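**Student:** In case you want the letters, here they are:
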Amino acid sequence: MNARLINRVLMLPVVMVVVSFAVFVAVRHLPGDPARMLAGTAATQDTVDAVHHSLGLDRPALRQYGTFMRGALVGDLGISIESRQPVGQEIAHHFPYTLLLGLSAYALALCFGIPGGLAAAMFEDGIWDRIFMGMTIVLASVPNFWFALLLMELFSVRLGLLPLMGAHSWSSLLMPSLTLALMPMALIGRMTRASMLAVLSRDYIRTARARGVGLMRLCLRHALPNALPPVVTVIGMNLGSVIGGAVVTETVFGWPGLGHLMIEAVRWRDYPVIEGVTLVAVLSVILVNLVADIVISRIDPQARHS
Amino acid sequence: MHCHCRLPVLLTALIACTGAMAAPAHAGAGAAGALTIMQPEPPRSMDPADQMATDTSSILSAMYEGLVRADADRTIHPLLAVSWRHDPQGTTWDFVLRRNVKFHDGHTMTAAGVVHSFRRLLDMNAPLAGSSRFRAVVDTVTTTDDDMTVRFSLRRPYPDFLLLLSFSQACVTSPYAGASLARHADGTGPFRFDEWKSSEYVRQARNPDYWGTPPDLASVRWIWSAEPSVMDMALHTGDTDIVGDLPALYARRMESDPRFVIHDDPNGPLYWIAINMDRHAGADRRIRQALNYATDRQALVHALLRDRGQPARSPLQPVSPYFVSYAPDPQYDPQRARALLAEAGSPSGITFSLAVQDMDEPLAEALQDMWKKSGITLQISRLEGGVYASEAFADPAQKAALQLDGVLASWSSGFIPDMQLRPLFHGASAAPAGANLGFFHDPGVDALINAGAVEPSEDKRKAIYAQIQEMIMHDAPAVLIYTRDTLVGMRADISGLVVRPDGALDITHVTRNRQPHP
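Protein chains in written order, with my numbering: chain W, 1 to 306; chain D, 1 to 518.
Since the hints were made in silico from the structure, they are not lab data.
Just so you know, not all the hints are guaranteed correct.
To be verified - Pair ranges (Cβ atoms, derived):
1) W:142 x D:462: 54 to 62 Å
2) D:256 x W:128: 44 to 52 Å
3) W:244 x D:397: 44 to 52 Å
4) W:69 x D:178: 29 to 37 Å
5) W:61 x D:214: 51 to 59 Å
6) D:122 x W:69: 20 to 28 Å
7) W:244 x D:358: 13 to 21 Å
8) D:493 x W:15: 56 to 64 Å
As the structure is a computational prediction, the values presented were derived from the model and not from experiment.
Every residue gets a Cβ at the ideal spot worked out from N, C-alpha and C, and that includes glycine.
Working from the sequences, and respecting the hints, build out all of it.
**Tutor:** Rendered as structure tokens:
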């Protein structure tokens, strides 16, 4: 197990180089020109060309990539075309907001998903199980965007309880977190239920039950630890789509995170920012999955004993 | 268990990083002397010359000033210049500067400083995004013997030079600002720059050293959201006091609510379809006319703009003093459109492919439905902004490869006719060089556009521009659709807002009547 983890850590730089190259090529093949986006439709072509040149975009692509990689190796991700700020600084400003939003969304998702899924599995085919299964389907299918507007209309416009947008106070975090939590909530809930049902049908559970272990203790002490590893895997795997969801959620709520930064960067074709944010997002997904593996190796009784 | 203690450490670090959030609720909209304004777009730069965006110009207009300013009716007033004169040819202009004007950094404005500010626009080694219009007209900017006079030498006479100087891009910046100008505004305006929090807000405070009448407001905060329903909600919740560029649908709902007022500025953008003259459909004038007859402009203005706009009757906006209306021609006449198509050899109708920016899709869909009645099948390709810009500005060969018959576009600098007719209809502006997106080329029109730009006599200019409008309407290189009013939603206690001719909001004289909201 440890050898596999070390192997994955060692592979990390290779993965990052491959990803950086893919992102570099993809971004530069996006239709649209940063110089045109900067100068606007009223600009004459000579201005657009001059801006293009001053941004260094007319240099051979491989040389541009070389400059980008040399910088990236020492942590310099270049200068944003739009803000003229170092990309690293832009990311450092926005990243904590996304991290905070992501963590609170996952916290909500876990608080609802695991007990909900557990209860659904314990009372399979009961009323709660049916409500729960229906609810998770709805949660997973509701578009983030629409749900966000619904929350805003209800809690800010009608009830005046929560700030509509921005990041002025901790209460600003509530609606965006809830919006972002929908998808992982549904996923974690369903995964917990399915995994619990699989574990509950195993022989050792039957044995424990025969020994007279109570239902509560049976589920929490005997079944849950064995049911959690797949749930942790799903959390790690789902991070990518949560980051994707953050783009929409942050934009609607004016939450100043990476998703917000990314959507503006794509809109104006701010190549260095798109590349920088993508690298950070990819690195996050890889690291979180690595952490998920380590966590599984700690909590999974079978892995622990092997 | 040792691994469990890391989470609090992480959370503490996070809280430290997002420290601003721990601060008590900010004094936002509604506080005394404070104003919050929401616009669709975030600012692109704090350097007025390095941007071409109306929303950015609005933010900057509170902090920067030009040599002159223009009213909505094109009247010119002194601002940083107190007087000016030009030679008989109209190519050398001298501006006498106002004395005792201080930049926000404390330095006094001098002729040398103003020259430095304008030379930035002419410098092609460090090209600024908003320099095109200026560079096309101005050759050199110099000081004179008098240390309060600035001299402009123009490439050619340009009767609208004063209007050009009223644009945001021609605002005077401090010579001491340097590269920091992109993030930190430094001008002479009634408000000085306070803070720009990326993806959040720009804050400005009253300039205590302002040379003119100090503004009523103590501080201004600019926020943004691209989502119209969020803009609407923000006005209702009080998160903002003013919403710039409100969609007509929301304005309609707000009209009957006493808490709000709508400021309706008729000087909005013109929408049109540039017909690709290099493709089969565009090459035949009868087909181009058919497209025009197939378009019910009044119905579009009613349905999409809720009557907050006007059907296009000319390639100039109705607010332009050179505007000549050719109403009622072309009228909506699907029978005539069909007849013209039959005459052009397509009795069973034609297919027309149109590139449309995502936000203009409703207009394209309305046209699709409307044109069907005349036998025209409209194929819409809905494009994201950057993709749209690259396809719209594609050259004839690329447009042929994309099979594009037309581009739906909008334009909003109609108050200088040369800045509308030249980029859109002059042969030399054919894409990609300029915004003549359909490659219209008429040597007669080109000659008239060139003549109109340098003609000093107002009467002769009027005659020239009338002739150009007639020639363009006759040749129909475009389906001119409508001009959309710029709508600004405000809380009812706000007054004094001005929408400048370039579309930027001017909040210098905004006052709040401190009545509690009903």
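**Student:** Run every hint past the structure and note whether it holds.
**Tutor:** The hints, checked one at a time:
1. W:142 x D:462: 54 to 62 Å: 59 Å, holds
2. D:256 x W:128: 44 to 52 Å: 47 Å, holds
3. W:244 x D:397: 44 to 52 Å: 37 Å, violated
4. W:69 x D:178: 29 to 37 Å: For residue 69 of chain W and residue 178 of chain D the Cβ distance comes to about 30 Å; the hint holds.
5. W:61 x D:214: 51 to 59 Å: The hint (51 to 59 Å, Cβ to Cβ) holds, given that residue 61 of chain W and residue 214 of chain D are roughly 53 Å apart.
6. D:122 x W:69: 20 to 28 Å: 36 Å, violated
7. W:244 x D:358: 13 to 21 Å: 19 Å, holds
8. D:493 x W:15: 56 to 64 Å: With a Cβ separation near 58 Å, residue 493 of chain D and residue 15 of chain W satisfy 56 to 64 Å, so the hint holds.
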